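Next come the chains, spelled out residue by residue.
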Amino acid sequence: MAASSRARVLDLYRAMLRESKQFSAYNYRTYAIRKIRDAFRENKNVKDPVEIQTLVNKAKRNLEIIHRQNWPKFWFHKNLVHIRKLSSIVASFFILD
Amino acid sequence: MLLRTAWRRVAAALPAAPGPRPEAPTRGLRLRVADHAPQSAVPSDTAIAPEMESVLRPLYMDVQATTPLDPRVLDAMLPYLVNYYGNPHSRTHAYGWESEAAMERARQQVASLIGADPREIIFTSGATESNNIAIKELEDAIQPDTSLVSIMSVNNEIGVKQPISEIGQICSSRKVYFHTDAAQAVGKIPLDVNDMKIDLMSISGHKIYGPKGVGAIYIRRRPRVRVEALQSGGGQERGMRSGTVPTPLVVGLGAACEVAQQEMEYDHKRISKLAERLIQKIMKSLPDVVMNGDPVHHYPGCINLSFAYVEGESLLMALKDVALSSGSACTSASLEPSYVLRAIGTDEDLAHSSIRFGIGRFTTEEEVDYTVEKCIYHVKRLREMSPLWEMVQDGIDLKSIKWSQH
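These protein sequence lines map, in sequence, to chains S and R.
For the first sequence, the working numbering gives the first residue as 1, with consecutive numbering after it.
For the second sequence, the working numbering gives the first residue as 1001, with consecutive numbering after it.
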């Protein structure tokens, strides 16, 4: 069990770093990469499984945030051929309950 | 919860293949960003699509003026800008209820950062409005002696930390209201309104990596502090500040406060290290540099240095790839030297040559090194051109010169 959770944590770490490299703003990109490295390093010796799960959940939430924040990178792209797809993506925001 | 389901729905609606991957922007210190903003906010159908030029933008070292939005804050705000757009004061439908829930959650986040009760937080449009509300109260409670003491927790120009706890003790023992403008201090140094005996506190959103246009005022309930509303109308915010509370902005403020609470220690350690690095490197390479403000009671992220024999404005112009300022943004249009520096007794000539370096959560070591290198280079170059510097090198004491003969 411990081995697989270690693998899960490492996967999460790699996924977060990969997503963070997508930030187009220099300051956000460097902050995200640095913070992820420091935070995972700081907690590497945590043994309590409940605490580990809490930290993993927090990391997953942050991964979602980074992923969402990098999605509008289309808007700053040179080639605006995607504009039609873009408007359909934006339209999907306006979901009424 | 609502947040996550909304996001999941959006993610599901995204097209499976987003098309060819966009070209990654050039990595490196000086980011190339497509500069299409200045043309016009509303794209015109007849105008030719503007060419996406890459423009290098300056490094940002002016965090005392304003801070960039933390991505976590923007993420918290987006649903309330797009989907949950209800008026938080509407009592009769779900749009109002969900908006009000978000507003109250934000209130709790702000309150927990400063150790207050959520009922003591009133949302305003910024620290300036909060200051005005707090000071106006003074006019209603005129007493023979002082009735309100108002102190800035961390000065925005020289970064000096005031002894808030001590002042709070004195004020509460003399039954005098104590207001502090904590715009630069909230989320950066630990503040507790009960330990420090603060009665009124102003909070600004855009100084703590939150959105612009929002702030809050903390008004103590026990013992009750009475303030008069500046803005009257529909009676929102307990009658102290009428006007619809802007839900997306206050959600951003709340998220910024929560993030600040979590990141305070990490940020403080990093910023102190970077500040130390900046000061040491500059002081080592340049003579006649003075740091303004008390070196001990000092917030490390705001460094105000005076470079003797160099005019501050010319140094700012020379450092055009770094966004810096001399003195505060509120007074940057006037040519007078900063009133703060004058108040701490700085000589006129040193006051004119002061530059403020701001180090924040997102500042990197490379940015600091670049700034230091450029600063040293330009100060040396400007000093070479300065006749005053020449005279000093020849051993003449500038104070002994009689500048006007007639």
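Each hint should be verified, as a subset may be incorrect.
Coverage of chain S stretches by chain R, computed from C-beta distances (three or more under 8 Å per stretch; other residues unrestricted) [stated by the list, open to error]:
1) 5-16
2) 21-32
Below, computed lysine to any residue pairings styled on SDA-like, alpha-carbon distance capped at 25 Å [as the list claims (entries may be wrong)]:
3) S:Lys35 / R:Ile1189
4) S:Lys58 / R:Glu1263
5) R:Lys1269 / S:Thr30
6) S:Lys21 / R:Val1055
7) S:Lys21 / R:Lys1399
8) R:Lys1212 / S:Lys60
9) S:Lys60 / R:Leu1074
10) R:Lys1269 / S:Arg37
11) R:Lys1269 / S:Asn43
12) S:Lys35 / R:Tyr1370
13) R:Lys1320 / S:Ala25
14) R:Lys1399 / R:Lys1269
15) S:Lys35 / R:Glu1366
What follows is a set of in silico ranges between Cβ atoms, one per label pair, in the way DEER data are often shown [what the hints assert, rightly or not]:
16) S:Arg41 / R:Gln1280: 36 to 44 Å
17) S:Arg14 / R:Tyr1266: 43 to 51 Å
18) S:Arg34 / R:Asp1394: 47 to 55 Å
19) S:Arg37 / R:Ile1401: 52 to 60 Å
20) R:Ala1101 / S:Arg34: 19 to 27 Å
21) S:Gln53 / R:Glu1311: 24 to 32 Å
22) R:Arg1057 / S:Arg18: 21 to 29 Å
23) S:Trp71 / R:His1093: 28 to 36 Å
24) R:Gln1280 / S:Lys44: 30 to 38 Å
25) S:Trp71 / R:Tyr1266: 36 to 44 Å
26) S:Lys58 / R:Arg1119: 43 to 51 Å
27) S:Arg41 / R:Pro1287: 34 to 42 Å
To be clear, the hints were calculated from the coordinates, so they are not data collected in a lab.
Keep in mind the model is a prediction, meaning the values are calculated, not measured.
Ideal placement from N, C-alpha and C gives every residue a C-beta, glycine not left out.
Now for the hints, and whether the structure bears them out:
Check on the segment 5-16 of chain S: 0 of its residues sit with their Cβ under 8 Å from a Cβ of chain R, so the three-residue criterion for coverage is violated. Coverage of the segment 21-32 of chain S by chain R holds in this model, with 9 residues showing a Cβ closer than 8 Å to a Cβ of that chain against a need of three. The suggested pairing of Lys35 of chain S with Ile1189 of chain R holds, with an alpha-carbon distance near 20 Å, which does not exceed 25 Å. Using a Cα cut-off of 25 Å, the hinted pair Lys58 of chain S and Glu1263 of chain R holds, with the two alpha carbons roughly 14 Å apart.
Proposed proximity of Lys1269 of chain R and Thr30 of chain S is supported: the alpha carbons are some 17 Å apart, at most 25 Å. About 21 Å separates the Cα atoms of Lys21 of chain S and Val1055 of chain R, which keeps this hinted pair within 25 Å; it holds. Restraint check for Lys21 of chain S and Lys1399 of chain R: not satisfied, since their Cα atoms lie roughly 55 Å apart, outside the 25 Å limit. Distance restraint check for Lys1212 of chain R and Lys60 of chain S: the Cα-Cα separation of roughly 29 Å exceeds the 25 Å cut-off, and the hinted pair is therefore not satisfied.
With a C-alpha separation of about 17 Å, the suggested pairing of Lys60 of chain S with Leu1074 of chain R holds against the 25 Å cut-off. Proposed proximity of Lys1269 of chain R and Arg37 of chain S is supported: the alpha carbons are some 16 Å apart, at most 25 Å. Among the hinted pairs, Lys1269 of chain R with Asn43 of chain S is consistent with the structure: their alpha-carbon atoms are about 17 Å apart, no more than 25 Å. With a C-alpha separation of about 22 Å, the suggested pairing of Lys35 of chain S with Tyr1370 of chain R holds against the 25 Å cut-off.
Restraint check for Lys1320 of chain R and Ala25 of chain S: the C-alpha separation of about 20 Å stays at or below 25 Å, so the hint holds. Of the supplied pair hints, the one linking Lys1399 of chain R and Lys1269 of chain R is violated, its CA atoms being roughly 41 Å apart against a limit of 25 Å. Between Lys35 of chain S and Glu1366 of chain R the alpha-carbon distance is near 16 Å, which keeps this suggested pair within the 25 Å criterion. A hinted range of 36 to 44 Å is violated for the C-beta pair Arg41 of chain S and Gln1280 of chain R, which are about 26 Å apart.
Arg14 of chain S and Tyr1266 of chain R have their C-beta atoms about 22 Å apart, which leaves the hinted 43 to 51 Å range violated. Distance hint check for Arg34 of chain S and Asp1394 of chain R: the Cβ-Cβ separation is about 48 Å, which falls inside the suggested range of 47 to 55 Å. The hinted range of 52 to 60 Å is satisfied by Arg37 of chain S and Ile1401 of chain R, whose Cβ atoms lie roughly 56 Å apart. For Ala1101 of chain R and Arg34 of chain S, the Cβ-Cβ distance of about 34 Å falls outside the hinted range of 19 to 27 Å, so the restraint is violated.
One distance hint, 24 to 32 Å for the beta-carbon pair Gln53 of chain S and Glu1311 of chain R, is violated here, with the actual separation near 59 Å. Distance hint check: the CB atoms of Arg1057 of chain R and Arg18 of chain S are about 25 Å apart, consistent with the given range 21 to 29 Å. Between Trp71 of chain S and His1093 of chain R, the C-beta spacing of about 30 Å keeps the proposed range 28 to 36 Å intact. Checked against the hint of 30 to 38 Å, the C-beta distance between Gln1280 of chain R and Lys44 of chain S comes to roughly 31 Å, which is consistent with it.
Checked against the hint of 36 to 44 Å, the C-beta distance between Trp71 of chain S and Tyr1266 of chain R comes to roughly 27 Å, which is inconsistent with it. Remark: the range hint 43 to 51 Å for Lys58 of chain S to Arg1119 of chain R is contradicted by a beta-carbon distance near 29 Å. Roughly 40 Å separates the CB atoms of Arg41 of chain S and Pro1287 of chain R, a value that falls within the hinted 34 to 42 Å.
In summary, the structure is inconsistent with hints 1, 7, 8, 14, 16, 17, 20, 21, 25, 26 from the numbered list given earlier, while agreeing with the others.
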